[in-house]
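Read top to bottom, the protein sequences are chains A and B. Residue 182 in full-length UniProt numbering sits at position 182 of the first sequence, with consecutive numbering throughout. Residue 193 in full-length UniProt numbering sits at position 193 of the second sequence, with consecutive numbering throughout.
Worth flagging that the hints you see were computed from the coordinates, not collected in a lab. Honestly, I wouldn't trust all of these hints.
Identical chains blur together in the list; that is why a pair holds if it fits in one copy or across any two.
Result set (DSSO-like, lysine-lysine): computed pairs, CA atoms no more than 30 Å apart in a straight line [unchecked claim]: (1) Lys215 with Lys19; (2) Lys273 with Lys240; (3) Lys19 with Lys273; (4) Lys19 with Lys66; (5) Lys213 with Lys187; (6) Lys215 with Lys273; (7) Lys213 with Lys8; (8) Lys66 with Lys273; (9) Lys8 with Lys66; (10) Lys4 with Lys273; (11) Lys187 with Lys4; (12) Lys240 with Lys19; (13) Lys273 with Lys213; (14) Lys4 with Lys240; (15) Lys213 with Lys4; (16) Lys240 with Lys215; (17) Lys213 with Lys240; (18) Lys187 with Lys273.
There are 2 protein chains.
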Amino acid sequence: MTDKLEQKSANRCHGGWVKRFSHYSNTLDCEMVFGIFLPPQVEQGPVPVLWWLSGLTCNDENFMQKAGAQKMAAELGIAIVCPDTSPRGTDLPGEHDSFDFGSGAGFYLNARRAPWSQHYKMYDYVTEELPALVREHFPVSEREAISGHSMGGHGALVCALRQPGRYASVSAFAPVTNPVDCPWGEKAFSNYLGDDRSEWAEWDACELILAGKSKQGLLVDQGEADNFLDEQLKPGHLEKACHLQGVPLELRRQPGYDHSYFFIATFIDDHLKYHAEHLFAS
Amino acid sequence: MTDKLEQKSANRCHGGWVKRFSHYSNTLDCEMVFGIFLPPQVEQGPVPVLWWLSGLTCNDENFMQKAGAQKMAAELGIAIVCPDTSPRGTDLPGEHDSFDFGSGAGFYLNARRAPWSQHYKMYDYVTEELPALVREHFPVSEREAISGHSMGGHGALVCALRQPGRYASVSAFAPVTNPVDCPWGEKAFSNYLGDDRSEWAEWDACELILAGKSKQGLLVDQGEADNFLDEQLKPGHLEKACHLQGVPLELRRQPGYDHSYFFIATFIDDHLKYHAEHLFAS
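The shape of chain A in the complex, shown without the other chains (with noise of 0.2 Å):
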């Protein structure tokens, strides 16, 4: 048991600090890293946070290297920490094999099956471990919001959605909505959680809202020119189970977007609004 970080990188920006931190992560039981954006505002007494949950093969550096999002962070005086997207260091059979399942993509749940269950905890490591880490050795508040592209907009909502009230607020970039009906969701679950899938529900956006978890409203951006729309995103089986459920959803489709960060870092500043907006509300 150990709550030491070890500084990997400290880069002032914008008047803050980008920061990179490993540490021993006992619910994954491996050495972990994340990256944080602490606003100049640190300075003045706790900020509340935004988690940023990467997707299928990204890390804890892709979002702050690429998503520009630090300026406007900087200006409404919000943390945002960046978990990486799956266990490292580990060496089980076959998880490197493949961009959509093992390492890079943890899939934001806990896994059942082994091998992967030793290791594969990432909705505790991202929910419970990491914030309380962050809590004792960083200067933010216990209010937090929560957002992520692809595999971890299906666990920025998941995340929303199994623990209603939570989150002060949820948004996502192209997430995969509904992973129980999607080749990436079905590889991954099927592997991390066996076969029945009846317990693959409570770890799909579309079955939690189903099931009545939660009314919280939802931003979700989505591009309309991205390459996994169709087959693996499917955000209109978002919008059908929001409407079913009467969850508030603004579906923005972006015509001409895509997949990449390019697309994020268009949009993340409406994100970043967004999220103050209810971060700050009274």
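Once you've looked at the hints, dock chain B against the given chain A.
Showing chain B alone in chain A's frame:
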């Protein structure tokens, strides 16, 4: 002789497009790739161009992915072109052995020594061939400005100083200001140009200023926590040369900032606004 472009990628970004193209460069005698950001205003007519010259180890992608410049460029209506930092696909003896010479380290000069002189003519490439190609294929005007980082900051200053009146404005981030008097410059110049140091001066910003080549104002940002500050960058040399020759220099020393793209991302909007003031001046 060919001026054909092959599109490698196109990503919608901030209402415009980030695109990458490969082409055969006659100047460099090899296949090259460049990136271009076209702001939404190109739909109404030609827009001015900012040339961005990147630093050691970079290619055409670093700035486009990490600087977060597209939002402001889209607002202002400025295209940005990012050339690569050296010839590519050649295999000269020792070309790929070090980060500060050869591939990724063209230093934006025209080499005189064999075997480098066959390919390493980055000055002619970024000031002649590429601008002609870009004007042929994209809706850009004759108005141009230039900026860059580190080795590319050196490049931007030298391009502007060698052609007074050509660029509406010039700026730099952490430029190598006096390459004839620092390890990176001495290594590169002796290999590319030969041992006669009298021939180095025409590729050195401080020397060009001291020779009275141009009185154009310069905007320079320099992080005070930059690891390369004292040994390689030497902003004091630039300050002294500008002072002696009455060249208006706005040298902004930024406390706590380092040499990274987080530093560039923090101040790029200031530079874009500076260039816009000059590019759109009547």
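Against the structure, the hints:
1. Lys215 with Lys19: Neither, since 35 Å and 41 Å both go past 30 Å.
2. Lys273 with Lys240: Only inside one copy: Lys273 and Lys240 sit 26 Å apart there, 45 Å across copies, limit 30 Å.
3. Lys19 with Lys273: both (23 Å within a copy, 28 Å between copies)
4. Lys19 with Lys66: The answer is both: 15 Å in one copy and 16 Å across copies each meet 30 Å.
5. Lys213 with Lys187: Classified as within: same-chain Cα gap 25 Å, cross-chain 65 Å, threshold 30 Å.
6. Lys215 with Lys273: within (21 Å within a copy, 44 Å between copies)
7. Lys213 with Lys8: neither (39 Å within a copy, 45 Å between copies)
8. Lys66 with Lys273: Both ways: Lys66 and Lys273 sit 18 Å apart in one copy and 21 Å across, limit 30 Å.
9. Lys8 with Lys66: Intra 19 Å, inter 20 Å, cutoff 30 Å: intra and inter.
10. Lys4 with Lys273: Close neither inside one copy (33 Å) nor across copies (43 Å); limit 30 Å.
11. Lys187 with Lys4: Intra 35 Å, inter 43 Å, cutoff 30 Å: neither.
12. Lys240 with Lys19: neither (40 Å within a copy, 35 Å between copies)
13. Lys273 with Lys213: within (26 Å within a copy, 48 Å between copies)
14. Lys4 with Lys240: neither (45 Å within a copy, 47 Å between copies)
15. Lys213 with Lys4: neither (35 Å within a copy, 57 Å between copies)
16. Lys240 with Lys215: within (14 Å within a copy, 64 Å between copies)
17. Lys213 with Lys240: Only inside one copy: Lys213 and Lys240 sit 15 Å apart there, 67 Å across copies, limit 30 Å.
18. Lys187 with Lys273: neither (35 Å within a copy, 49 Å between copies)
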